[in-house]
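*Asks:* Single-letter residue listing:
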Amino acid sequence: MSQLPNQTASKSLWADSVLRLKKNKGALVSFYFVSLVCLIAVFAEVLSPYPFHKQHIDHLLESSSSKFWLGTDSLGRDVFSRIIYGARMSMAIGIFTAIISMVIGTIYGGISGWVGGRVDSIMMRAVDILISIPSLVLLILVKVVFDSIAFFENPELRALTGMLLALSVVGWVTLARVVRGQVLQVKELTYIEAARALGSPSWKILFKHVFPNILGPIVVLLTFQIPSNILIESFLSFIGLGLQPPYSSWGVLASDGWRSMRSYPHLILYPSMALGFTMLAFNLFGDGLRDAFDPKLKGKS
Amino acid sequence: MRFLFLLFICIFSLSFQTGCKKKNSKGDYGLALNDTLRVRIATEPPSLDMQKMSDNTSSYIAENIMDGLVVFDFKSAEVGLAPALATEWKSSNQAKNWEFKIREGVKWSDGQPFEPQHVVDGWERLLNPNTASNYSYFLYNIKNAKAYNEGKLKDFSQVGVKVEGNLIKVELDGAMPFPFLLTHQSTFPVRKDIISKFGDKWTEPGNIVTLGEYNLKKWEHDRALVVERNPLYWGKPSKTKNVIFYIIQEDQTAINLFDAGKIDFLRTLPSKELSHLRKRPEFVSYPYLSITYYGFNTKRAPTDNLLVRKALVHAIDRTKITTMLQGGQRPLSGWAPYGMFGHNPNVGLAFDPVRAKKYFQEAGYGESNPFPKMEISYNTNEDNKRIAENIQAQLRENLGIQAEIKNEEWKVYLETLKVNPSHFFRMGWVGDYPDPHNFFDIMLSYADNNHTGWENLEYDKLIEQAVTFVEDKAKRLEMYNKAHKILVEEDVPVFPIFTAVAHNLVSPRVVGMPKNVMFIFPLKNVSLQ
Amino acid sequence: MIEKIKDLSIGNVFALAFGATALSAVFLNLTNYEVPGGLIWALAFELFFGLGIYAYQNNSIIYCLKRIGEALVTLFVIATATFILLRVMPGGPFDADKALPPQIKANIEKKYGFDKPLSVQYINYIKGVVTLDFGESYKYIGRSVGDIISESFPASFTLGIYAFLLSFLIGVPLGLFAAARHNTFWDNFAMTVSISGVALPNFLFGALLILIFSIKLNILPPAMWETPAHYILPVITLGIRPAAFIARLTRSTVLDVIGSDFIRTAKAKGLSQGAVMYKHVLKNSLIPVLTYSGPLLAGILSGSFVIEMLFAVPGIGKHLIQGVTNRDYPLILGLTLLYSVLLVFSNLIVDLLYSFFDPRIRLA
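Residue numbers (this note's numbering), protein chains in the order written: chain A, 3 to 303; chain P, -8 to 520; chain H, 52 to 415.
Since the hints were made in silico from the structure, they are not lab data. We treat Cβ as the ideally placed atom computed from N, Cα and C, and that holds for glycine. There could be a bad hint or two in this list.
Straight-line alpha carbon distances no greater than 35 Å define the calculated DSBU-like cross-link-like pairs of lysine-lysine that follow [stated by the list, open to error]:
(1) 267/H with 209/P
(2) 167/H with 208/P
(3) 267/H with 117/H
(4) 364/P with 149/H
(5) 409/P with 330/H
(6) 134/P with 364/P
(7) 227/P with 209/P
(8) 137/P with 188/P
(9) 160/P with 334/H
(10) 267/H with 134/P
(11) 227/P with 188/P
(12) 145/P with 178/H
(13) 334/H with 27/A
(14) 153/P with 227/P
(15) 167/H with 134/P
(16) 149/H with 183/P
(17) 143/P with 160/P
(18) 66/P with 409/P
(19) 162/H with 192/P
(20) 178/H with 183/P
(21) 476/P with 464/P
(22) 27/A with 149/H
(23) 149/H with 137/P
(24) 145/P with 161/H
(25) 98/P with 160/P
Which chain A residues face chain H? A few, computed with CB under 8 Å, are given here [what the hints assert, rightly or not]:
(26) 38
(27) 41
(28) 125
(29) 135
(30) 136
(31) 200
(32) 202
(33) 236
(34) 240
(35) 241
(36) 256
(37) 257
(38) 281
(39) 289
Here chain A stands alone, though its shape is the one from the complex (with noise of 0.2 Å):
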């Protein structure tokens, strides 16, 4: 069977990969940075000293001290449990968008790819079509009608809704398009012929060989879209088109602080140190992940 050849060759092709990665040294360490915040965003509650929304009037716009570690806000509010949930907030945003956008550009690539023919120009030709509407005015109208429409009850889901769909409206495109290729070059490699001159139903071809074989680029363009995505929410934030308050993402944080830059630096620099050390450690993981995942430089480091 032509399963058996394959499944090694993945698996080798994985362990192969990780033990690259494990040698960036780079890399490994905003792995860790990265998983860092994520564990941050999720025990949100647990780490910060007080509830972000918590208003001390009575210590509005402190620098730090002992009792507000990296200062207070113009509404009294602890800017590092602020930037602790912020945290949550913008990494909710960009690997919830990421993900959306993945599992909509992954089936309709792969489809478009898979299928090919008239199927996949028209597919492609509605995509081209996306693509020249400028992204900013996509975001903006989406964020702007999808703002309006409540889908859900829990504020917090609320406020990210809007976000949400805007991002990925714009983000899957990207992704649709590189599927659409991996499987353009996987479909004609032999043992996938081969699987489908003995007759196995499409879905389990794909879901058996095809994505496993390009996995790896689509993982790597993940970490890619995790980040910027991240930079298009603190975008927004600035142009005022933000999270629905009290809550704010590290974009918030910024574009807030920026606004008081001079008489406040406190404000602006922190959330931008979590902002940019963060996209700093996404693009140096997803840096090594590409060089790990990438056949050719095989064999070369």
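With the hints as your guide, set chains P and H onto chain A.
*Replies:* The following block gives chains P and H in isolation, referenced to the frame of chain A:
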């Protein structure tokens, strides 16, 4: 052959380079710095068409290049009026008929003499449905004006405006302080010949004809407008020869440029930097006629309950909000803003958490019957957000209410207000003219700006009557006090919070920058050191 | 010398002329002269005919026409989609700060044709699109969308072109440098530096530059768009992100190409490191960079809201965002289509350049 072709193309491209101009390399359009005032505007003025403009950037320019029949007089404690294109005016028939005597010898910037007909032309244009002006309703009090604007009446001669010699006679439907309206740019005179000649482009420099203290010299869209002293001006010539209005959108950028000495005057400052900026010697602040308030949706439970509204109002401390904003805003419990006729500091419900709890229990809410979900909403804006979050926190602290905050982008917000506003929604009002009527009439039961759904016929009647007592101030004040009581003590459909304060940065080289309650900036008396 | 020039094909003549014209435009611009409108037209003319001749020589005229035909369909769909999206969006263009009496609102809506049924509005709108007349802005009274674009595009264009050039001038050499020293300290260093360039959002990076160079050191103007000195900070802020991306892209493709067989052959033949790098590696690795530069050019030329706002550049980017907040339908539509046209054309140029860099690629 190909070589010749290359040569041809090179010559062809180079030929375009002859006669190219040096850009304004010195900056400031090459104007002498010691005679040029440089101020900042935050957006490109949407229009310089007097009748069509509806925003405060456009009117900033308009009030410097045009004049109306009268101007504000800020010398007295309460804002009055001083002559401009009209030298004198008087009313008869209990302020229903008005007569304006037009100044003679005034010239437009193209040298043509100014005539009373130009004023009437302006009014006709304002009311003409084809102009589609936002401010047509300004003249609705003139007899038949509304019908003309609605297109029901085609003949303008039936509208209550007449020119007799150098007099303009106006006939109103009901009495009102009519001259105040004439300070507004929408009632300024126009030159119909110029407009018909250039169409919508008549406001461009070179086309536009005005008669104010400055002439529009240059308008580089999205970058700057340059105005220059009008040599034909009827009054005292402006002290500074040129003014450049630089279009700089972002507050932080504007402050950077101010610090770099590129800009002399900022009329708005970022609220979050105020506590830092107010320590600077260039900082100036003063209140202007405006109210920031929250309205209740009186058609939606639980805020349809008077007791709930009273409880909520008693539970919020205004001074906490103004302290938090650090902008020096004046807390306001009444409806007429600080600094205006009719202002009453002793009216309204004060902060009183004990009474708040009492009303809250009377309304039937407490441990056993938790308060239902309540929505606080505002339009997306930095300060609005802080205010809303503060109110949310105060309600949680004083009544244990978990209110939810909702913000919407401005245009969406306006639409929601019309359809079904949140329980507690932010709104504001900036005076068009310094008369309490301009503030009280927004809460009339039929007013388009009353989004609360609140109706009180007694209030309506009081406001409608009060405006007719133009000559009897004491009587008028008494009526406004009554209206005040209904509005902010008995029915409480609204929760006034504060009168806003203007914050400016004025460069030390600038002398005589205006500070007034109308937040307007005529620059003719500004001089430079 | 002249013999050599004689050998040039007409296509190359156009390419040279285009380069010369472009260089002189840049020179004029940087020496603080106004770039004459004629020069811009000459550039457009040369670009158009040069591409036409190039396409003709490569037998790809039909390909180009096909692409343009497809683009027209795309534009039509985008126009329709934008129309629908805008009408679905809550909030109308004529809701004013102070609520208007219904009659006044009716007057305004009548003036702009909002009283007609939606289908009629759509047809009128498509008519306008076909005749390239997008109508008047709803916000800026009396200014047509064409006026707004032609007045604000030059600043965005200048800013964009310099940022584009900057990103190539930094990105490609940095990528080559890192690739040549693969897996050394310098490689890691160069890559970490370039990643740092993308780690901060534009507005924070720009604010940082202003803080250092304008406020602390006081050597560059903090904002406004007057002399070339004013260009420096916004160009860097806009160019840093694509530069970092191009550096990483160049590095990884160069590494790919180095590993391929024909390079090994070339090395085995005894060609020097430099010759291999330049002749084979660089030319072959530019293709992914080119692919990226098409959308980059379109995006960068159509303006960046944040940078224009931060540095008070009178460009087109802010109209895109303010157009949406003001619900200025004609303006949003005009700008969206402008972006799409830019994108289509820059992608077409990129595709034509492919076959220039890699003759194996045939366009059909």
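*Asks:* Tell me the hint numbers this structure goes against, listed in increasing order.
*Replies:* 2, 3, 5, 6, 9, 10, 18, 22, 26, 27, 28, 31 and 32
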